[in-house]
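Using the sequences plus the hints, can you model the full thing?
Below are the chains, spelled out letter by letter.
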Amino acid sequence: MNSTRPETWIILGATSSMARAFARKVAEAGATVILAGRDIDDMKRTAADCRARGADAAEVMKCDARRPETFAPLIARADRAPGTLNAAVFIGAMPAQTEIDTDPALLRSVVTDNFTGPAEFLQRLAPLLEERGAGTIVGVGSVAGDRGRIGNYVYGAAKAGFATHLSGLRNRLGRSGAHVLTVKPGFVDTAMTWGIEGMFLVASPEKIADDILKAVRRRRNILYTPFFWRYIMAIIRAIPEPIFKKLSV
Amino acid sequence: MNWKSETNTGWGRVLQAEESVARPERQPTLAATLGETPAPAAGLRRSYGDAPLNDGGRVIDMTRLDRILGFDPQSGVIEVEGGCTIGELARLFAPRGWLPAVMPGTGFATIAGCIANDVHGKNHHHMGSFGQHVKSITLIGSDGKPRVIGPRRSGALFRATVGGLGQTGVIASAKLQMIPCKGDVMMVTERRAENFEQFLELLDGSSATYTVGWIDATARGEALGRGILEEGETGSGLMPRPRKARRVPVNAPHFALSKPVVRLFNRAYFARVPAQGRTSVRRIGQFFFPLDRIHDWNRLYGRRGFHQFQCVVPIAAADTLREMIETIANSGLASPLAVLKRMGPGRGGMLSFPMEGYTLAVDFPNRPQARLLIARLEEMTATAGGRIYLAKDSLATGTRVKAMYEEHPAWSAEVAKADPAGHFTTDLVRRLDLRNPA
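Top line first, the protein sequences correspond to chains X and B.
Each residue of the first sequence is one higher than the one before, counting from 1 in this note's numbering.
Each residue of the second sequence is one higher than the one before, counting from 1001 in this note's numbering.
Heads up, a few of these hints could be off.
Stated by the list, open to error - DEER-style ranges, computed between Cβ atoms: (1) Q1177/B / T98/X: 47 to 55 Å; (2) V1261/B / Y153/X: 54 to 62 Å; (3) R1247/B / A238/X: 53 to 61 Å; (4) R77/X / G1150/B: 36 to 44 Å; (5) D1055/B / T98/X: 29 to 37 Å; (6) S167/X / K1244/B: 57 to 65 Å; (7) G133/X / Q1177/B: 44 to 52 Å; (8) I236/X / K1244/B: 26 to 34 Å; (9) D1055/B / T193/X: 35 to 43 Å; (10) G148/X / P1249/B: 33 to 41 Å; (11) R77/X / V1250/B: 45 to 53 Å; (12) V1261/B / I243/X: 29 to 37 Å; (13) I239/X / R1267/B: 53 to 61 Å.
Stated by the list, open to error - Selected chain X positions facing chain B (Cβ under 8 Å, derived; list incomplete): (14) D49; (15) A52; (16) G174.
As the list claims (entries may be wrong) - Here are the simulated lysine-lysine pairs, DSSO-like style, with alpha carbons at most 30 Å apart: (17) K1417/B / K25/X; (18) K25/X / K1004/B; (19) K44/X / K1135/B; (20) K25/X / K1175/B; (21) K1244/B / K214/X; (22) K25/X / K214/X; (23) K25/X / K207/X; (24) K62/X / K44/X; (25) K1145/B / K1417/B; (26) K207/X / K1004/B; (27) K62/X / K25/X; (28) K62/X / K1145/B; (29) K1417/B / K1402/B; (30) K62/X / K246/X; (31) K1145/B / K44/X; (32) K44/X / K1402/B; (33) K1145/B / K1135/B; (34) K1004/B / K44/X; (35) K1402/B / K1135/B; (36) K207/X / K1244/B; (37) K1175/B / K1417/B; (38) K1417/B / K1135/B; (39) K1175/B / K1135/B; (40) K1135/B / K25/X.
Simulated from the structure, these hints should not be mistaken for laboratory data.
A quick note: this is a predicted structure, and the numbers were derived from the prediction, not measured.
Quick reminder that beta carbons are idealized off the backbone N, C-alpha and C, glycines included.
This is how it looks when you write it as structure tokens:
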């Protein structure tokens, strides 16, 4: 990422702290940053931050996972982006499972926010990367998608769906030279997890952003971050269902 | 807003507080939280005592509101959110020829914290204090409404906010005037001062942009007050990338900073610089924030924590200063961290620490004898017409502090107007009864 090889990063869900940390890092490397999300005022502040840190340019666009009509302008903008086109999707929402249990209709929005919304956007973006034969898509899922657990199985199911979609997209885009990275963060110190009981081994958003960028450079396929979550989840996945169904991990 | 229960301490780790902490990531969340439940703000908690604490109450953690909102490469004016750190600004802008006009001894201080304590740096004798380079502040009061204040507009409120320990409201963002620099490396000249008299001569005679003195607070007799004067100028050049910061993983045992260890360390540290002095090139962070590469260095003082005593005394009180250093040396309680500096008259607010004179800062492990010694040093400071620094304090009494800060009545009047209900009161303000004008 430098002036000789310009890059553009479209960052979806740009108001999240992980997205902010990631935007800062690509900005400092001189990329063009397009921040997309719902809170325009907040993203304008992050855009100013990116410019001050050395972004070639930083702009803000409306994007709402629940309103697919907001995707088209973003795709059109992406098509005019200078240099290698990349996208990182940080969209996500995690209402408490108990809330969803009380109001089952919430399931639809959880699936839209964490899976179908971002997936539809990427579905529309994919041809652009295929055409250019380059670029990376970063899809941020969650370790919660690796197994359905009593604590957050609707959120987990949506993230699992997204991970499967990313896997297929990787299979497709790899043929043209583009790449897809699936990111599965463990507990991250964000507004989403602030004050929730039972968090352990919590990582900073900066650490996650660092890991993602490294994985992008190395063209990794699936990134557990911090790395030990790969082993934690391997154990959790290995527990036989008859036992697992009685646990509340 | 989610509230999280935390046990927090100041940097000295002596005083602690059970707090309910919110950490907004967006400005509207901050404003809404303050509108509903006004509470004092905290940053990275680099004040040593209880300035960032609110035991049994609520606190707003500002560290996620840390963005740069605008930068003008022509004028060097920068606008940042309150949680942005001084080290981050130095890292980003020094290579482009700009530095914050005033930088404290740690890069982990937030901009809002620098304003609320009106911090000083190694260039105080030229540039004054941090608050003197603040062009405006966006302050959110207990009504949740942001309001822009500046040195001209709403001057009294501005001067009560600069150095005002967060009592007038929460500093959401601020506009700062940076100063030009040649680049992100430092030319550093180190010189030995063999004793106190020579040290003062060197300090008084220094015309360098940045000056700081390390003092061997264990040396006695002929060598009393010996130390090393460091003078720095910014320069341009290429330096290898810094090594990764290390972390002190556990509390050190109590003998880690015992008398013989400190004596030995200080002797070696002094002898490191050749008798004729030397000039070397350092990375900018290495010069300004020497301890930042050792994360959690406060753990070196063990579980009981430590106190830092920092005072400033007028130039005419050099004799008192000598007496203080003698008292400290004879006590054998000091740690290797001891700093002596010249200060100019510059101060930005009513409760600002600086005055023209000499400032002495010494760390002491938290022991009963050390607390007695600090009380004695405070008394000597008061008699000499000096001040102690509230950002470092965890032991003083209100009567003594108020007598040292002549503008305290004006400050408390302004604070009473800005926050009559006392929502922004912190442990330090309670302990020293600072809201009370008398």
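Hint by hint, here is what the structure shows:
{"no.": "1", "hint": "Q1177/B / T98/X: 47 to 55 Å", "in the structure": "holds, 51 Å"}
{"no.": "2", "hint": "V1261/B / Y153/X: 54 to 62 Å", "in the structure": "holds, 56 Å"}
{"no.": "3", "hint": "R1247/B / A238/X: 53 to 61 Å", "in the structure": "violated, 33 Å"}
{"no.": "4", "hint": "R77/X / G1150/B: 36 to 44 Å", "in the structure": "holds, 38 Å"}
{"no.": "5", "hint": "D1055/B / T98/X: 29 to 37 Å", "in the structure": "holds, 32 Å"}
{"no.": "6", "hint": "S167/X / K1244/B: 57 to 65 Å", "in the structure": "violated, 34 Å"}
{"no.": "7", "hint": "G133/X / Q1177/B: 44 to 52 Å", "in the structure": "holds, 48 Å"}
{"no.": "8", "hint": "I236/X / K1244/B: 26 to 34 Å", "in the structure": "holds, 32 Å"}
{"no.": "9", "hint": "D1055/B / T193/X: 35 to 43 Å", "in the structure": "violated, 25 Å"}
{"no.": "10", "hint": "G148/X / P1249/B: 33 to 41 Å", "in the structure": "holds, 37 Å"}
{"no.": "11", "hint": "R77/X / V1250/B: 45 to 53 Å", "in the structure": "holds, 51 Å"}
{"no.": "12", "hint": "V1261/B / I243/X: 29 to 37 Å", "in the structure": "violated, 54 Å"}
{"no.": "13", "hint": "I239/X / R1267/B: 53 to 61 Å", "in the structure": "holds, 60 Å"}
{"no.": "14", "hint": "D49", "in the structure": "holds, 4 Å"}
{"no.": "15", "hint": "A52", "in the structure": "holds, 4 Å"}
{"no.": "16", "hint": "G174", "in the structure": "violated, 34 Å"}
{"no.": "17", "hint": "K1417/B / K25/X", "in the structure": "violated, 43 Å"}
{"no.": "18", "hint": "K25/X / K1004/B", "in the structure": "holds, 28 Å"}
{"no.": "19", "hint": "K44/X / K1135/B", "in the structure": "holds, 22 Å"}
{"no.": "20", "hint": "K25/X / K1175/B", "in the structure": "holds, 24 Å"}
{"no.": "21", "hint": "K1244/B / K214/X", "in the structure": "holds, 17 Å"}
{"no.": "22", "hint": "K25/X / K214/X", "in the structure": "holds, 11 Å"}
{"no.": "23", "hint": "K25/X / K207/X", "in the structure": "holds, 11 Å"}
{"no.": "24", "hint": "K62/X / K44/X", "in the structure": "holds, 11 Å"}
{"no.": "25", "hint": "K1145/B / K1417/B", "in the structure": "holds, 15 Å"}
{"no.": "26", "hint": "K207/X / K1004/B", "in the structure": "holds, 22 Å"}
{"no.": "27", "hint": "K62/X / K25/X", "in the structure": "holds, 22 Å"}
{"no.": "28", "hint": "K62/X / K1145/B", "in the structure": "holds, 26 Å"}
{"no.": "29", "hint": "K1417/B / K1402/B", "in the structure": "holds, 19 Å"}
{"no.": "30", "hint": "K62/X / K246/X", "in the structure": "violated, 44 Å"}
{"no.": "31", "hint": "K1145/B / K44/X", "in the structure": "holds, 20 Å"}
{"no.": "32", "hint": "K44/X / K1402/B", "in the structure": "violated, 44 Å"}
{"no.": "33", "hint": "K1145/B / K1135/B", "in the structure": "holds, 20 Å"}
{"no.": "34", "hint": "K1004/B / K44/X", "in the structure": "holds, 28 Å"}
{"no.": "35", "hint": "K1402/B / K1135/B", "in the structure": "holds, 28 Å"}
{"no.": "36", "hint": "K207/X / K1244/B", "in the structure": "holds, 14 Å"}
{"no.": "37", "hint": "K1175/B / K1417/B", "in the structure": "holds, 24 Å"}
{"no.": "38", "hint": "K1417/B / K1135/B", "in the structure": "holds, 22 Å"}
{"no.": "39", "hint": "K1175/B / K1135/B", "in the structure": "holds, 5 Å"}
{"no.": "40", "hint": "K1135/B / K25/X", "in the structure": "holds, 29 Å"}
Of the numbered hints listed earlier, those contradicted by the structure are 3, 6, 9, 12, 16, 17, 30, 32.
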